[in-house]
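Enquirer: Next come the chains, spelled out residue by residue.
2 protein chains.
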Amino acid sequence: MTPHVASQKNVYRFIAGKADGHGAMKDLLGGKGAGLAEMTAAGLPVPPGFTITTAVCHRYYAAGNQLPADVWEESCAALREVEAAVGKTFGDATNPLLVSVRSGAKFSMPGMMDTVLNLGLNHTTAQGLIQQTNNERFARDAHRRFIQMFGRIVLGVPGERFDHALETLKAERGIRQDIELTAADLQQLVAQFEAIVERETGNPFPYDPYEQLRLAICAVFNSWYGKRAVDYRRLNKIPDDLGTAVNVVAMVFGNMGDDSGTGVAFTRNPSTGEPVLFGEYLPNAQGEDVVAGIRTPQKLEALRETMPDVYAQFCEVAARLERHYRDAQDLEFTIERGKLWMLQTRNAKRTGAAAVKIAVDLVQEGIISPEEAVLRVEPNHLDQLLHPMVDPKADITLLGKGLPASPGAAAGAVVFDPDVAEKRAQSGERVILVRAETSPEDFHGMVAAQGILTARGGLTSHAAVVARGMGKPCIAGCGELILDATGMRLGGQTLAEGDFITLDGTTGRILLGDVPLVSPEIGAEFETFMRWVDDARKMRVRTNADTPHDARVARSFGAEGIGLCRTEHMFFEGERIDSVRQMIMVSGTYQRLIAALDKVAGDLERLRGDAQKVSALEAERAALEAELETPARLFRGALEALLPMQRADFVGIFEAMDGFPVTIRLLDPPLHEFLPHTDEEIAALAAKLNLSVQDVQSRVAALREHNPMLGHRGCRLGIAYPEITEMQVRAIFEAAVEVARRGITVLPEVMIPLVGDVNELRAQEAIVRRVADEVQQAAGVMIPYLVGTMIELPRAALTADKIATVAEFFSFGTNDLTQTTFGFSRDDAGTFLPMYVERKILADDPFQVLDREGVGELLRIGTQKGRAARPTLKVGICGEHGGEPSSVAFCHELGFDYVSCSPYRVPIARLAAAQAALRQPRA
Amino acid sequence: MTPHVASQKNVYRFIAGKADGHGAMKDLLGGKGAGLAEMTAAGLPVPPGFTITTAVCHRYYAAGNQLPADVWEESCAALREVEAAVGKTFGDATNPLLVSVRSGAKFSMPGMMDTVLNLGLNHTTAQGLIQQTNNERFARDAHRRFIQMFGRIVLGVPGERFDHALETLKAERGIRQDIELTAADLQQLVAQFEAIVERETGNPFPYDPYEQLRLAICAVFNSWYGKRAVDYRRLNKIPDDLGTAVNVVAMVFGNMGDDSGTGVAFTRNPSTGEPVLFGEYLPNAQGEDVVAGIRTPQKLEALRETMPDVYAQFCEVAARLERHYRDAQDLEFTIERGKLWMLQTRNAKRTGAAAVKIAVDLVQEGIISPEEAVLRVEPNHLDQLLHPMVDPKADITLLGKGLPASPGAAAGAVVFDPDVAEKRAQSGERVILVRAETSPEDFHGMVAAQGILTARGGLTSHAAVVARGMGKPCIAGCGELILDATGMRLGGQTLAEGDFITLDGTTGRILLGDVPLVSPEIGAEFETFMRWVDDARKMRVRTNADTPHDARVARSFGAEGIGLCRTEHMFFEGERIDSVRQMIMVSGTYQRLIAALDKVAGDLERLRGDAQKVSALEAERAALEAELETPARLFRGALEALLPMQRADFVGIFEAMDGFPVTIRLLDPPLHEFLPHTDEEIAALAAKLNLSVQDVQSRVAALREHNPMLGHRGCRLGIAYPEITEMQVRAIFEAAVEVARRGITVLPEVMIPLVGDVNELRAQEAIVRRVADEVQQAAGVMIPYLVGTMIELPRAALTADKIATVAEFFSFGTNDLTQTTFGFSRDDAGTFLPMYVERKILADDPFQVLDREGVGELLRIGTQKGRAARPTLKVGICGEHGGEPSSVAFCHELGFDYVSCSPYRVPIARLAAAQAALRQPRA
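Protein chains in written order, with the working numbering: chain V, 446 to 1368; chain B, 446 to 1368.
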C-alpha cells in the first residue's frame, strides 16, 4: 500500500439527491462517475450508487492486483446507504438489491472495458427477484445472463462454452430464437452454466453476493490493462496511467407491474427543433424490450393518463435537465413501482435544421448566449440545410454504394457521354453523368448533369472537386460499377442510357429509379444564427469559383471574395480548346527556336570583335528567324484568339465579386492535359489543325510524363512560355479596367502557382507587373492589385522567408501540399489510404482532414517565416481543407487571414471559423 | 566630397620591390591590386604601377561621378615613380611609358568590367613606340587597337563603327585576316578611327595622355554600375556597395628585339605532378603571339642558352613564388630588353593525378602540412584516378554528346537488346548497350556491357544510377540519338548491331569506332594521401551496393560498410522474376480475401451472442477460406521460392562486409515495375503462369498508377503485404546466422523505406523484431541489429521526433526527398530543369548538388528532431548526394555519422568529408 492515499477518500457516493463528487471531477471519478454525481446533486431521481476512484486503481496495481481493505470497507458502507435509499437489501431472499458494476475512465473508451449487470443474483435472491417482478421468466433469464456475463468477464470462462450450451438446448427444443425459451428452459441453463463455470475454473460459481461484488470490482480494474483497452489507448493516445474508476449502481426494473415501465424522450423535436417533449413509453417493460421492438411503444403522452403524477414529474425533470445542461436532452427513464428513475441523459442528437432552431430558441429563452449558440451546431450539419435530400419516407432500391464525394441528392436519366448529357439537358431532361472517371474534357457534361457518378477516383478526384464546386451531388469510386458499350451494371441490374437512377451524395448510396427528393427549408432562425456566426469569427471566408455563376452562388452563401479562381477550366470551354491545342502543338518548336535565337544573340554580343564569326552567326540568326515565322504566327495567334475569351471570363467574375478581392491562379496543369489521348481523337485533331497524325502523336508522346503531378506544370509553364503568362495577365487587367470604368470595385490578386523557389516567382512577377503597368497606362485607369503565390510545395513553405520578399500574399494549396508532404498521389492513394485509415495508421484521410503534424507544420513554418519577412503578408488557404471544420480551426490557430472553399461549403467554413475564434480567441 | 576620407590614402603603389599594400587588403585594393602588391612586396619583378582604392569609388559616385582632385594628384605622383622605375616617360616622344588601366573588385567578375591597354599612345608617342620596338607594324596596330578600345569603352562609340571600317578596308585590300594588314594599312585605320570618334562624339580623340588616363579611370569606376556588372552581381549575390578599385600598370613588351620575349610556365608538370619547371617561350614576341599560335614556341630550356642569367633568375623567381604561395604556380612572364617581368602568377590547374602528387610532394618538401595537402585536391578530381580515359593522343570522330552520367571511358560493339548484350559478352565480346532508356528489366544487359548509352533520361535516370553503382561509363539523355529497327543514327552516321563506338562518360562524348583508352595509374602518393584524408575526416563513408561484387569493389576503395543495399534488383535476377510475377498476379485476390476474412472474424467476435448471424458468418468464413486456398498457395509459394535466393544474396554481401554494418532496405518500388508492359510480354507471362491473357492484362491495368513515384510503394507495400516483409527479414537473419556461425561479424541494419508516419514504421518494426527473434531463437545465435528508416518524405523529416521513438537510425534518401520537396519528378524534370539552371533560377540541378535551402532544411529539422528524441540516433545519407563533395560537406556540418555513395565515389566522399572536417571542425 502506498502511504499518500491514506487520507484520501476512496469511494464517492451519489445517493438520494446527495453526491460526494461533481461533474468536473472526471480525473478522479471518470466520465461516467462524474456525470452520475452531477445528475444526483442536481436533484434528479438517479438510481443510487457509488464510484470507486481512479486513485484506487493505482493502489490496486501497486498492491499486486489486490483491492485494499479500506476501499472494501468504504464500499460496503456505501452499499448500506444504497440499500436504505431504494428499500432493498443486497443478498436478500425476498427483496434483493441488484447492482451493476461498470468501468468508467476519464475518456470514453466505448466497448473496451467490462460491465457486469444484475450482480447479486444467486438461487436465493433469484427467488426474491421473482417475487419482486412477478415474472419468473424474466428472473431466470436475468440469472442465466448474469452467470454468463460474470463467468466470461470476471472468471475468464471462454464465452463459446456458454454459447454452445445455449445452442444445444435450442436445437433440442427445436427453436431458433432465444425469446422462445421458457422459464424452465432458462432455469435449466442456469444449472448448466454453473456446471460449466465449475468445470472450467475448478471452483463453484460464487454464491455470496459480496464475493461477487469484490470479484467484479477487481475484474474492472484488471480490464484497464486488458489487451483491447491497451490497444485502444495506444491508438487514441490516451495515457496508461490515468486508470479507471468503478461504478456500482442499484439496478431498477420497469417490468414490475402496471405501475412500472420504461421509455426514451427528447426534450425538443430532434428533426425540426420544435420545443415540445417528444418520446415513447412502454408500460411494464425493461429498456431492452423497447429496443427489441416486440411490443409497440405508446406515445409519451399516454403516461399523462395512466400516471399523471409521474408524467408531471418527468416533464419537470426534463425541463430541469435541459436547463442544467443548457441544451436539448435525450433521456432514458424507468418507472419502478410508480417511482421515476432517470437512467441516462445526454445532449440530444439532432438534424442540422433542428440544431440551428434549438440553438436560436435557447438564446431567445435566455438559457444560452449567442456565442454559445454558435458553438452548439456542428458545422458539417449545415450541409443538410443547403442540399436536397432523398425523401426519408420513400421506398428505395439500393443498387450500390460509392464514396460520398459531394453532398445532396439528385435523380435523372443515366448518360455515359458528356456531349449526350449536354444535349439531353438542353432539351429539358434531368440527367446523371456516369463515367469511369472524369477529366477536364467532361466539364460541359458535368455542368449539364444533375449529379455525377464515377467508377474510379477518390474524394479529391476531378469529379469530386468539380461537383463540390458546383454544389451538385457526386458519388465517386464506386468499384462495383461496370461500364461497357451497352450501358452500366450495378447491384445486379443493367441500365441503359435514359434509365433513371437517384444519387444520394451525402451517404454515397446509388438508388434505382426516380426517387422523390425533399428540399430543405431555410428558416428565419438560420439568418439569425449566421449573423451571430459572422459576429464571432475573425477569419474571412472566400470561395473557390471559376465561373460568374459559381461566384454569385458563393456570394449568396456569404463568401467575401474569391480565394481561388482556376483559369484552366476556361481553356476547355467551347471552341477555345482548339486554340489551346494549336498553341500546344507548336509550343515545342517555338520554344526550341526561341532558345536557339537567344543563344545566337548571346554569342553575337560576346564575339562582337570577330567579324568572321559574327557573319556566320548572323546567317544562323536569319535562318532561325525564317524557321520561327510559322510556329510563332501559330503560337501567338492562338494566344491572341484566347485573350478576348479569357477577358470576358474575368469580366463576369469581377462583376459578381464587386468590392471583394478575386485571387486568380495562372495556368497550372501540364499541357498534356489539354491534348487528346485516343487514336480517334488524335486523328480528329490532326485533321482540324491540318497536321499529320504522326506529328500530333509525337507531340502527345513528347509531352507525356511519368509523374505528371511532379512534372512540367504550374509556374514552370509560365517560365518556359512567358507568352502564356502575358496573355493571362493582359486578360485580367483589361477585364479589370473595363469593369472599373463601369464603377465596379475590382481587387485582383494574381497568384503564381507551384512556386518552389523565389526566383521562379520573381521571374513571373516581373511579367505580371510589366503587363499590368502597360494595360493600366494605356487605359489611364489604375487598379489596386496584389501579386502572390500558392504555397503548395514543401520547399515553398521551407523558404517562405525568401518567397515573401516578393509575394504579397500566400495561399496554401493544401491538396498538392498534402500530396508532396506525404508522397501520396491523390489519384493512386485509393489503393492503400482506406487501409491506412481502417488500421489506424493514420487517424484520417489527410486529403479530407488537414494533417496537423506534417502538412500543418509546413503551414506553421511557412506562415511564420513569411510574416517575419513581410509583416503585412496576407495568408489564406485554398485547398479542399478550407471547407473542413477542424482544418478551418487550425487555420484560425495559425492566424490566417482567410480560408477559401467551394461555394456550398461557405456557410460551414463561416461557422467553423466562428467556433474556432470562440474557442481560441486571438490576441 | 565626404570628409571622412580626407585622411585616408587614395593610391597604393607597387613599385620596384616596394608596395604600400599587401595580399590581404582585397576590400580596399580589390583582388588584382592586392595580388600585385603581394608579388611586388615578395621581391618579384612585377611591372610597376598603382591601385586607386575602392574607397575612391564611393567618393567618385558621392561626388556625382567626378574624380576627386586629391586622388588625381596622388595618381600623378605615383605615375612619376613608375616612370622612374621603368626608365620611360608618360607621353614622351622617344621613350614613352604606356600603361594599362583595369578594374579590380574584391571578387573576380570575369569579363564584366572594362580594361584599357596601351594607354598613352598618340601620334607623337606612337613614333616613340616605333623607335622602342623597332617594329612599325606592331606600333601602328597597338595604336589603332588603343583608339578602338578607348573609343568603345571610355567614349561610348558603338563597336560596330570600328568593325565596319576594318572590314571595309580588308575588303578593299582583298584580304581575310587582320594579320595581313600592313603598317600603312594600320596607319590609315588609325586616321579613320580618329575620324569615327570625332563624328560620333563631336570631339577629337583625346591627344593628351593625362587626359586619356583620367577618362579611363572614370570609365572603370562607371563600369561598376554598368548593366553587365550589375546583372552579374545580382546573380552571384555580390553586394553593390563593395565598389571597384582601378589598377594603373606600366606596359611591358616582349617584342623589342632578340633580348626580349614572352612565355608561360608551370612550376611542376600539370599532367603528372613531376617537380620540374615546365613551359614554353617565344623570343621577340608579345603574349598574344603565343596565344595566336602563328609561331611555334620553344621549350623553356631554350632560354637557358640564349639568356642564361634571365633563365636563372626565372628559375629562382618560380621557386620563390611556389614557396610564397605554397602551391604549384602557373606563370606568365615577359622579357623586355633582357629584363624579366612577371605578369601573372596563379595556382596551376592540374589533373587529379598531378594534384595528389604535388600535394604529397609539397608535404615532403616541408612546404605544407598534411592537412593542407588534403585541402589541395578537388574531390571530383579523384574520379580521373579511378576510371580509364580516352587516350588524349588518339584521333577521334565525334558522333554526338549526351549527359555525362557515369564517368570513365569504354569501347565496344553496339547492341540494342539486353539479352543480346549478355550473349555477346558471354562469348567474350566487348559491348555497349544502347537503349531509349533502361528499366530494371535491362539489368542483366547492363551487367554484361562495358558502357551504356541512352536517348532519354537524366543524370539520375535508372541507367545513370545503376551505371555509377557499377562504375561503368554511361551517357544518358542523348536527344539526337535515333533508334529504329535497323539500328541507331547519330551524328549523320548509321550504326548497326556490332559496329563499334566509344563512350567518354566523363565528358558525355560519343565517339565512332574502337578508340584506344588509357588506364590511370594509382601511385604510392595516392595511398599516402588517402591516409591523411582518413586521419582528417570525422564521418564514416559507406557505399550503396546491391551485390557482393559491388561490396568488394567498394571495400577496396575504402568503404566502411553498406549504407544502402537495395533488394529490388535482386528480384529481377534469373528465374526469380517468375516467382515475383506469380506473387504479384495473385496478390490482389489474396489481399482482398484476407481482408474479407479479417472482417468476418471481427464480426464474429462482435456478434458472439447472436447465433443466427454467427452461423451465417461461419458459412461465409468457410466459403472465403475455400476461395483463398489457391491464391494463398500461389502467393506464399512464390515467397517461399524467393526466400533461399534472397538469403544467398545476403550471405554474399555479409561475407564481403565482414565487420562492417550493412543497411538493407526492404522492397521499395511499386509492384507494377516488375510486370511486363507490351502485349507480347504479357502473352508470354500468361502462358508461363497458365493464366489467361485477359487476367494478366487486367492485373497490369489494376496496378498501373498516374504518379507511381507517389504511389503504392515503399513500406506501403510491406503494410499491405506483411508476408513480403516477413520473407525478406527471414532471408536477412537466416543469412546473418549462417555467416555468423562461420566467424564472420555481421551487423545488419534493417531499413524500412518511404515512412511518412511513425505508425507505418511501428507496424513494420513489429514484423522485423518478431521474425528476427524467431530466427535467432531457432538458431541459438544472437545477431546485433538495428531497425531504422529512410527519411525520404518531407513528412518524415517534419515528424522525425515521433519516428525516432521507433527508429534506431535515419538514412536520408535525398533523391526522393528532393523530388517531393521541390515537386520535381526526376523522370520528367529534364523538360525544364536544364532551363532553370541555365537561367539561374536554380544555381544547380538539385538532383546533383544537395539543395541546402529547402531539402537541406528538412535534413536539419529531421536530424535535430530525431536526435532530440533519441540522442544515440545514427544519421546518414544514402541518396546520390552522398558522393557529391559540397553535399558531403553539408552532411558534415549537420553532424551526420556517415555518408553512403556508389562504390566508385567512395574515395571522393572520403576526401570531401576530410576537407569538410578541416574547414569546419566539429565540437
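Hints were generated in silico from the structure; no laboratory data involved. One should not assume that every hint holds.
One copy or two, either will do: identical chains are not told apart, so a pair holds if it fits within one copy or between any two.
[To be verified] Listed next, the in silico PhoX-like pairs over lysine-lysine satisfying Cα-Cα at most 25 Å (straight line):
| # | residue 1 | residue 2 |
| --- | --- | --- |
| 1 | K1285 | K1247 |
| 2 | K983 | K744 |
| 3 | K784 | K533 |
| 4 | K1058 | K615 |
| 5 | K838 | K784 |
| 6 | K454 | K784 |
| 7 | K1044 | K1058 |
| 8 | K682 | K672 |
| 9 | K1247 | K1310 |
| 10 | K1133 | K463 |
| 11 | K1310 | K1058 |
Enquirer: All hints, please: hold or fail.
Expert: Going through the hints against the structure:
Taking identical chains as interchangeable, the C-alpha atoms of K1285 and K1247 lie at most 25 Å apart only when they sit on different chains, with a minimum of 16 Å there against 38 Å within one chain. Within a single copy, K983 and K744 get their C-alpha atoms no closer than 46 Å, and across copies no closer than 83 Å, so neither meets the 25 Å cut-off. For the identical chains of this complex, K784 and K533 are intra-copy neighbours only, at 14 Å inside a copy versus 128 Å across copies, given an alpha-carbon limit of 25 Å. In this assembly of identical chains, the alpha carbons of K1058 and K615 lie at most 25 Å apart only when taken from different copies (15 Å versus 105 Å within one copy).
When the C-alpha separation of K838 and K784 is checked against a cutoff of 25 Å, the pair qualifies neither within a copy, at 37 Å, nor between copies, at 112 Å. Taking identical chains as interchangeable, the C-alpha atoms of K454 and K784 are never at most 25 Å apart, the minima being 31 Å within one chain and 107 Å between chains. Proximity of K1044 to K1058 under the C-alpha cut-off of 25 Å is restricted to the intra-copy arrangement: shortest distance 14 Å within a copy versus 77 Å between copies. Taking CA atoms no more than 25 Å apart as the test, K682 paired with K672 passes inside one copy only; the shortest distance there is 15 Å, against 61 Å between copies.
In this assembly of identical chains, the alpha carbons of K1247 and K1310 lie at most 25 Å apart whether taken from the same copy (8 Å) or from different copies (24 Å). For the homomeric pair K1133 and K463, neither the shortest alpha-carbon distance inside one copy (87 Å) nor that between copies (80 Å) is at most 25 Å. In this homomeric assembly, K1310 and K1058 never come within 25 Å of each other (Cα to Cα): the closest approach is 50 Å inside a single copy and 58 Å across copies.
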